[in-house]
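Protein chains in written order, with this note's numbering: chain R, 13 to 667; chain F, 4 to 445.
Where hints are given, some of them may not hold.
Claimed, not checked - Keeping only pairs whose Cα atoms sit at most 30 Å apart, straight-line, the calculated DSSO-like set for lysine-lysine is: (1) R:177 to R:127; (2) F:50 to R:44; (3) R:483 to F:396; (4) R:582 to F:443; (5) R:589 to F:401; (6) R:581 to F:401; (7) F:50 to R:561.
Claimed, not checked - Here are a few chain R residues that face chain F, going by a calculated C-beta distance under 8 Å: (8) 98; (9) 358; (10) 494.
Derived from the structure by calculation, the hints contain no laboratory data. No residue lacks a Cβ here, since even glycine has one placed at the ideal position from N, Cα and C.
What follows is each chain in one-letter form.
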Amino acid sequence: MKTTGKITGIIANLVIVETEGTVAQNEICYIKHGDEHLMSEVIKILGKKAYIQVFESTRGLMVGTEVEFTGHMLEVTLGPGILSKNFDGLQNDLDKMEGVFLKRGEYTYPLDVKKKYEFKPLSKKGDSVKAGDWLGEVTENWIPHKIMVPFKFNGNFKVKSIENKGKYKIEDTIAVLTDDDGKEHKVTMIQKWPVKMPIKAYKDKPRPFKIFETGIRVFDTLNPMAEGGTGFIPGPFGSGKTVLQHNLSKNAEADLVVIAACGERANEVVEIFTEFPELDDPRSGRKLMERTTIIANTSNMPVAAREASVYTAMTIAEYYRAMGLRVLLLADSTSRWAQALREMSNRMEELPGQDGYPMDLPAIISNFYSRAGFVYLNNKETGSITFIGTVSPAGGNLKEPVTESTKKAARCFYALSQQRADSKRYPAIDSLESYSKYLEYPEIIEYLNENIDSKWTENVHYAKDTLLRGKEVFEQINILGDDGVPIDYHIKHWKAELVDFVILQQDAFDKTDASSSFERQSYMLEKVVDTCKMDYEFDDFEEVGAYFKKVINQFKQMNYSEFDSDEFKKYEKAVEKTLKERRVEKDSDKDEDKAEEKSKEKKAAKPKEEDDGKESKSEKQKDKKDKESKSEKQKDKKDKDSKSEKQKDKKSKDK
Amino acid sequence: MEQDTKAFQRVYTKLFQLTKATVSLHATGVGNDELAIVDGRPAQVVKIMDDIVTLQVFQGTEGIATDAEVVFTGKAPTLKVGDDLTGRFFDAYGSPMEGSKEIMGKEIEIGAPSVNPVRRKQPSEFIATGIAGIDLNNSLVTGQKIPFFADPDQPFNQVMAMVALRAKADKIILAGMGLTNDDYLFFKNIFDNAGALDRIVGFINTTENPPVERLLVPDMALSAAEYFAMEKNEKVLVLLTDMTLYADALSIVSNRMDQIPSKDSMPGSLYSDLARLYEKAVQFPDGGSITIVAVTTLSGGDITHAIPDNTGYITEGQLFLRKDTDVGKVIIDPFRSLSRLKQLVIGKKTREDHPQVMNAAVRLYADAANAKTKLENGFDLTEYDERTLDFAKAYSEKLLAIDVNIEVEEMLEIAYQLFAKHFSHEEVGLRQEYVDKYWKEN
Ligand SMILES: Nc1ncnc2c1ncn2[C@@H]1O[C@H](COP(=O)(O)OP(=O)(O)OP(=O)(O)O)[C@@H](O)[C@H]1O
Ligand SMILES: [Mg+2]
Numbered sequence: 013m014k015t016t017g018k019i020t021g022i023i024a025n026l027v028i029v030e031t032e033g034t035v036a037q038n039e040i041c042y043i044k045h046g047d048e049h050l051m052s053e054v055i056k057i058l059g060k061k062a063y064i065q066v067f068e069s070t071r072g073l074m075v076g077t078e079v080e081f082t083g084h085m086l087e088v089t090l091g092p093g094i095l096s097k098n099f100d101g102l103q104n105d106l107d108k109m110e111g112v113f114l115k116r117g118e119y120t121y122p123l124d125v126k127k128k129y130e131f132k133p134l135s136k137k138g139d140s141v142k143a144g145d146w147l148g149e150v151t152e153n154w155i156p157h158k159i160m161v162p163f164k165f166n167g168n169f170k171v172k173s174i175e176n177k178g179k180y181k182i183e184d185t186i187a188v189l190t191d192d193d194g195k196e197h198k199v200t201m202i203q204k205w206p207v208k209m210p211i212k213a214y215k216d217k218p219r220p221f222k223i224f225e226t227g228i229r230v231f232d233t234l235n236p237m238a239e240g241g242t243g244f245i246p247g248p249f250g251s252g253k254t255v256l257q258h259n260l261s262k263n264a265e266a267d268l269v270v271i272a273a274c275g276e277r278a279n280e281v282v283e284i285f286t287e288f289p290e291l292d293d294p295r296s297g298r299k300l301m302e303r304t305t306i307i308a309n310t311s312n313m314p315v316a317a318r319e320a321s322v323y324t325a326m327t328i329a330e331y332y333r334a335m336g337l338r339v340l341l342l343a344d345s346t347s348r349w350a351q352a353l354r355e356m357s358n359r360m361e362e363l364p365g366q367d368g369y370p371m372d373l374p375a376i377i378s379n380f381y382s383r384a385g386f387v388y389l390n391n392k393e394t395g396s397i398t399f400i401g402t403v404s405p406a407g408g409n410l411k412e413p414v415t416e417s418t419k420k421a422a423r424c425f426y427a428l429s430q431q432r433a434d435s436k437r438y439p440a441i442d443s444l445e446s447y448s449k450y451l452e453y454p455e456i457i458e459y460l461n462e463n464i465d466s467k468w469t470e471n472v473h474y475a476k477d478t479l480l481r482g483k484e485v486f487e488q489i490n491i492l493g494d495d496g497v498p499i500d501y502h503i504k505h506w507k508a509e510l511v512d513f514v515i516l517q518q519d520a521f522d523k524t525d526a527s528s529s530f531e532r533q534s535y536m537l538e539k540v541v542d543t544c545k546m547d548y549e550f551d552d553f554e555e556v557g558a559y560f561k562k563v564i565n566q567f568k569q570m571n572y573s574e575f576d577s578d579e580f581k582k583y584e585k586a587v588e589k590t591l592k593e594r595r596v597e598k599d600s601d602k603d604e605d606k607a608e609e610k611s612k613e614k615k616a617a618k619p620k621e622e623d624d625g626k627e628s629k630s631e632k633q634k635d636k637k638d639k640e641s642k643s644e645k646q647k648d649k650k651d652k653d654s655k656s657e658k659q660k661d662k663k664s665k666d667k
Numbered sequence: 004m005e006q007d008t009k010a011f012q013r014v015y016t017k018l019f020q021l022t023k024a025t026v027s028l029h030a031t032g033v034g035n036d037e038l039a040i041v042d043g044r045p046a047q048v049v050k051i052m053d054d055i056v057t058l059q060v061f062q063g064t065e066g067i068a069t070d071a072e073v074v075f076t077g078k079a080p081t082l083k084v085g086d087d088l089t090g091r092f093f094d095a096y097g098s099p100m101e102g103s104k105e106i107m108g109k110e111i112e113i114g115a116p117s118v119n120p121v122r123r124k125q126p127s128e129f130i131a132t133g134i135a136g137i138d139l140n141n142s143l144v145t146g147q148k149i150p151f152f153a154d155p156d157q158p159f160n161q162v163m164a165m166v167a168l169r170a171k172a173d174k175i176i177l178a179g180m181g182l183t184n185d186d187y188l189f190f191k192n193i194f195d196n197a198g199a200l201d202r203i204v205g206f207i208n209t210t211e212n213p214p215v216e217r218l219l220v221p222d223m224a225l226s227a228a229e230y231f232a233m234e235k236n237e238k239v240l241v242l243l244t245d246m247t248l249y250a251d252a253l254s255i256v257s258n259r260m261d262q263i264p265s266k267d268s269m270p271g272s273l274y275s276d277l278a279r280l281y282e283k284a285v286q287f288p289d290g291g292s293i294t295i296v297a298v299t300t301l302s303g304g305d306i307t308h309a310i311p312d313n314t315g316y317i318t319e320g321q322l323f324l325r326k327d328t329d330v331g332k333v334i335i336d337p338f339r340s341l342s343r344l345k346q347l348v349i350g351k352k353t354r355e356d357h358p359q360v361m362n363a364a365v366r367l368y369a370d371a372a373n374a375k376t377k378l379e380n381g382f383d384l385t386e387y388d389e390r391t392l393d394f395a396k397a398y399s400e401k402l403l404a405i406d407v408n409i410e411v412e413e414m415l416e417i418a419y420q421l422f423a424k425h426f427s428h429e430e431v432g433l434r435q436e437y438v439d440k441y442w443k444e445n
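For reference, chain R alone in the conformation it holds in the complex (with noise of 0.2 Å):
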């Protein structure tokens, strides 16, 4: 019989029941609202009292209401169809909701019940079986969809009969298991899982070894993230945590991508559901949407159904990651999450930790982060959970409890800058400051070198250390001036810039620039590394920036171009012969030059080109004059009726 008690306490959306019978922590319950079954989370017991937390709104509640027990704890429904699916919290279908708002007490079935699969047996009668093994499998959009032994099954079974090939509901038995007691067991498409609890049907979790492809540059060149690893983005309002991510979801290597929108703003899932369904897949060039779900609990939703949002998608995720895919979870924010858990603590007036946080967030933090992984499956093939979330810390300052528990829990760190931000320097991650720790593993060095480039490490450890020059010199020079330091401090610091405008900046709204293979990056890299490691020639630190502007625009333009393109290499050519103005020439260089020389002359130029050429030549004259100038300039520098003069004057010399 179901254990009920009654509501003898309201205090926002905490509520206090008085009840009889058993009741478990976490358990899951119903308030009898009149017609309304308001589902609530058991959180705390305390003799006869039984502290939930209402997933809904808990207005016109009164005491005296009844509260019926279910007997087990918030469970996520599995089988096919959940693909492409717009799920809230609870992993309600939102699309089988009426109206446009949303109803309290509503909660839908999440699969289809009606729907066939079309199935095909993987085992035969007589295997012994056990959790997680793969019976059979549907197609799930294009997804080989495995038909699993359920989770929940302790212990050894044997197959006592499976059905044969043909379309199936889900709600079908497909196969009977007998355990050692000779019980026999029905099993359909469907299983239900507890989401707090980690699904464990696999053989072996290794450390990451391979490299997870995303696409975008500050990750995947400066600080590359695993396939199975963790890693988090924390960052200020603005700073493009939001962004990074649904682009993280259009361009990453992953089967396919789960996304809990844990509550932020309701736009940014519309723009999921409007966006993706258009959107081709860069790899398989099916529909974006056909690879991703979504776990909505949007801000303005229930507070406490945010705790469930990220449970609910990690469980998803392990589900898959068990049929032996590439999942690739995202959360955001992870922050708002934690504050649900603060309202909550707080309610039950338990002892703050730092900021109010409850005491045990670090540990809820590494617990959940843990669940992400390469695995072994028991039939030896291979499934990961790659999870990346974004932390929102107050005031933007990073010495906080959520942002310093998940520093413990995630191995990378993708620290976004409210300078970079601010000068619009996206994605504003700030290379330097992140890190990734798998470039640390050994396994994953000689991956790159292997699967990429054998130069690569060391490309991107120059560019690196060029960047890091080049913040130093920039210091320097903000301290004692353009003047003040040697002309090499400004070369120094521009190479450092065309490290940051061409692989670092990368425009995430531009449909060729917004994703980089790492065949392209490679490429990009090596040009730039070569660029930097070149010797250049100027007489004043003001033909410094102007050079290098020039230089950055152009390989800006390649990375506007399709890589390879006629355009691509109309601008790389571009890049060369800015390059030979003022490069100093090594011997070993000349015979290259000299062969590119042959080449362009095949080709025949393009007027672009000679523009190009033009522009530099008249830009040369102008920095010369401009020297010349220069001491009578500084005598008038306060008069500006002068300066615009001189200025009208340069531009006249220009035509």
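Got chain R; can you put chain F with the ligands on it based on the hints?
Structure of chain F with the ligands alone, referenced to chain R:
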């Protein structure tokens, strides 16, 4: 119906506990969030423990005696909505201000559930305000929510009124929280003078009213907005001013209820409390929309304070007002301002080169800021620095200042003029095709 409600009312006269903001009594059959009248003052149920009900009295409890009459209404706070809301101003409880006649509409609960995200439409309609600091750099879109971040001495209410009047909204709903009486009259006059009163609804809590009453104001305004946007498919613009004073009222309540304060003595639920309101901004499928333009006043420009910080995490960008002393005008600061939804319209609903022009101008303005720092630190400026400074001045004057009122196309033309006057096109770094198409040497 009226009769039923009356019959349902229960009256009590025995309070056993009074604090500054709350009263407690023994009562049964009371619902959470229910509205009651304590000694003639509106109050709301905030806690129920067994038969002990705690009520928050919006006007405060001064002078309430233990035998005061408590009447429970059996319902959460409501608003009567109908066409005759327009052109009128109401108090925090939705009652007409100047003693004019009651609304004859249907009664709806305020603070109702949110829109199912899958039923929302992606905002896509550009809102032209004529202000280049907004239209060019931080374009607004219907269904967006965005605050002005401004120090208290800046003319934020004026700018907001200007935006509202130019925005071509079907309805403008003003939610005034802790508005000075002068500002209330300012809004009334400016809307009246513009002949826009028939598009206006106001819910006003002035500094003369009790601060806790403010907590009802945005819900009232947003419920009215939902009525017009959902049922009449209208484009509704909601003005929330000043949300900092709203948040202050939240903290007063939570302190009085002995909740553990989090940062800056704000309640730990501040994020959720604010998000619940701002997320009412929506583009409905049938053409109606709710756009929210708010004001969050800062103290000493500090945006790390919990109120602007949480706001920034919720809204779709923010517009910073700043006085530019070089040109002596109030501008929309291009560095710290941001419209998150601009991507949905710029270069799509506006000219293709809009995004690049916008970014280039801001980047050059940033170079000018660096040059300025150099100057302040006593270093020589390069010739390029000098040019950026000249550019910055002209840019600030001609485009960033809030007194600009032109079309987007013209803004872009001005930007090109400024580019050509001060820079070579390598220095500006636009896509070559745009340079070919739009760049004119002057
Ligand atoms: N890679 C990018 N390219 C161009 N613009 C970007 C990029 N990243 C961010 N932006 C700009 O910054 C805005 C804010 O980005 P985003 O919404 O990702 O911030 P956020 O860190 O998620 O903020 P919040 O914490 O408030 O959610 C975007 O709307 C866009 O205008
Ligand atoms: Mg975000």
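How the hints compare with the structure:
| no. | hint | verdict |
| --- | --- | --- |
| 1 | R:177 to R:127 | holds (16 Å) |
| 2 | F:50 to R:44 | holds (19 Å) |
| 3 | R:483 to F:396 | holds (29 Å) |
| 4 | R:582 to F:443 | holds (24 Å) |
| 5 | R:589 to F:401 | violated (38 Å) |
| 6 | R:581 to F:401 | violated (40 Å) |
| 7 | F:50 to R:561 | violated (64 Å) |
| 8 | 98 | holds (5 Å) |
| 9 | 358 | holds (5 Å) |
| 10 | 494 | holds (6 Å) |
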